[in-house]
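Taken in order, these protein sequences are the chains called C and R.
Per our numbering, residue 1 is the first one in the first sequence, and the count goes up by one each step.
Per our numbering, residue 1 is the first one in the second sequence, and the count goes up by one each step.
Honestly, the hints are just simulated from the structure, not real lab data.
There may be inaccurate statements among the hints.
As the list claims (entries may be wrong) - Here's a subset of chain R near chain C, in silico, CB distances under 8 angstroms, partners left out:
| id | residue |
| --- | --- |
| 1 | Ser-27 |
| 2 | Val-29 |
| 3 | Leu-31 |
| 4 | Phe-60 |
| 5 | Leu-70 |
| 6 | Val-71 |
| 7 | Leu-101 |
| 8 | Pro-104 |
| 9 | Leu-125 |
| 10 | Gln-130 |
| 11 | Ile-135 |
What the hints assert, rightly or not - Simulated coverage check for chain C against chain R, where a stretch passes if three residues somewhere in it have a Cβ under 8 angstroms from a Cβ of chain R:
| id | region |
| --- | --- |
| 12 | 9 to 23 |
| 13 | 130 to 142 |
All residues carry an ideal CB built from backbone N, CA and C; glycine is no exception.
Chain by chain, the residues:
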Amino acid sequence: MYRKQVRRRRAVLAFLVISSFVLLTITYGQESGGLQRGVSTIFSPLQVGADRALKPARDLTGWFDKTFDARGENSRLKEELAETRELAVGAQAALQENEQLRKLLDLDRESAIAASDYEPVTGRVLARTPTVWHSAVTIDLGSGDGVHVDDPVMSGDGLVGRVASVQGGSSQVTLITDDASAISAKVLPSGVQGVIRPDLGDPEDLILDYIDATENIGVGQAVVTSGWSAQGLSSLFPPNLPVGEVTRASIVEQEASQQVRLRPYSDLANLDMVQVLTGGPER
Amino acid sequence: MIVTPRIFARLAAIVIVGVLLQLSFFSRVALFHTSPDVLPALVVSLGLLGGSMTGAVSGFSIGLLVDCLLVEALGATSLVLLSTGYLAGLFRERFEIHSALVPPLACMGLTLFAEIGHAAVQVMLGIDSQVSLLIVRDMLLKSVYAFFLGWPIYLAVRRVLRPALVEEPQARRRRSTALGT
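Okay, chain C solo, but in the shape it has when bound (with noise of 0.2 angstroms):
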């Protein structure tokens, strides 16, 4: 009795470990399946009440954690605050000469029509996954509200991510710090290009590969998507939508590369509201 209960045992064990490798053998990589589709359906609205239910509970846990932060912050905003000023009065300068210039070259005149043809629309973040491996949120919008995969998903600080699939009511947006992101950049104001890559584990570090060592590019530079295309292919994302500032410029000598270290503007481990810009060009 004892042995066939044991026997029993280790058959269901051994059912449950080769279908979790058939499952992740048959999805890995692939489009978001029918089961996968259905369940979050289902689910959704109970997402969303229990965002709504837990938003009090979790205002109250990141007073507590952004109170430790606040700390070692405010030294460093005064700082930020003072070097601020001193970019601004040269920002409004440097507005008023790319304007002419733009009007004189007329740059970059197909970007800005592909920019202004999306149509944002406002979300909540609903879900959030558990582990750092990958980072990924689900948002309260769907087909239903015009968004489509590859839409680019924005906060008010700037670009957060990519829708990743799509439901009726609900999406999955991939994060900018997820292992699967890529995005092309350029540095302002030099517009040297590059490819963002996440720091898996470190939410507010990316790496901006593949910039030459002879280019000159200092602490403090933002950087935004570049929006290239060429030859019936395109972006992402479209062009001009704020990714991070630089905070490390280091030289790799065996390949005559520099990587360029960058603090997301959006704070991405806090996301609550977003806004995926929908209605953009046919990919």
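Start from chain C and add chain R according to the hints.
Same frame as chain C, but now just chain R:
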């Protein structure tokens, strides 16, 4: 644990409430820049109370539900959590839980195991990005949070599943003393 249809419904409710709480609350709050992961602690509690099969099956179900809701590759979280639940159940079957510290310590140890398991599965599937050392801090902090959250989770799960649990030795002893047998 005796699993009747009513207990099965309670187990399903625990799984759903646990997953919703994790995704809507715990994953979205951070203390010292790390969000707690209560799912391994929940699976450990179920394993400690119900045995290896309950632990493994509930771990598999929780993992599957998480992957479905987040539209991730199915099976990765299931594999990690079923191993976690099985180990917790195996511990309960081999050793007697005679100290109140055992559940939180088991939650802490097995949460670390689950985090390392997640890392192993990711390495197995291939990582394209650079990995920050902060990930180690994240794993350790998650285990520490599991220690503090493990005990209330264990008590809550035990309360919900009480009708199905085989009588605990201490309670049995207390009752026989009171009856004078």
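Hint-by-hint comparison with the structure:
no.: 1; hint: Ser-27; verdict: 4 angstroms, holds
no.: 2; hint: Val-29; verdict: 4 angstroms, holds
no.: 3; hint: Leu-31; verdict: 5 angstroms, holds
no.: 4; hint: Phe-60; verdict: 5 angstroms, holds
no.: 5; hint: Leu-70; verdict: 6 angstroms, holds
no.: 6; hint: Val-71; verdict: 4 angstroms, holds
no.: 7; hint: Leu-101; verdict: 25 angstroms, violated
no.: 8; hint: Pro-104; verdict: 19 angstroms, violated
no.: 9; hint: Leu-125; verdict: 6 angstroms, holds
no.: 10; hint: Gln-130; verdict: 5 angstroms, holds
no.: 11; hint: Ile-135; verdict: 3 angstroms, holds
no.: 12; hint: 9 to 23; verdict: holds (count 10)
no.: 13; hint: 130 to 142; verdict: holds (count 7)
Checked against the numbered hints given earlier, this structure breaks hints 7 and 8; the rest are met.
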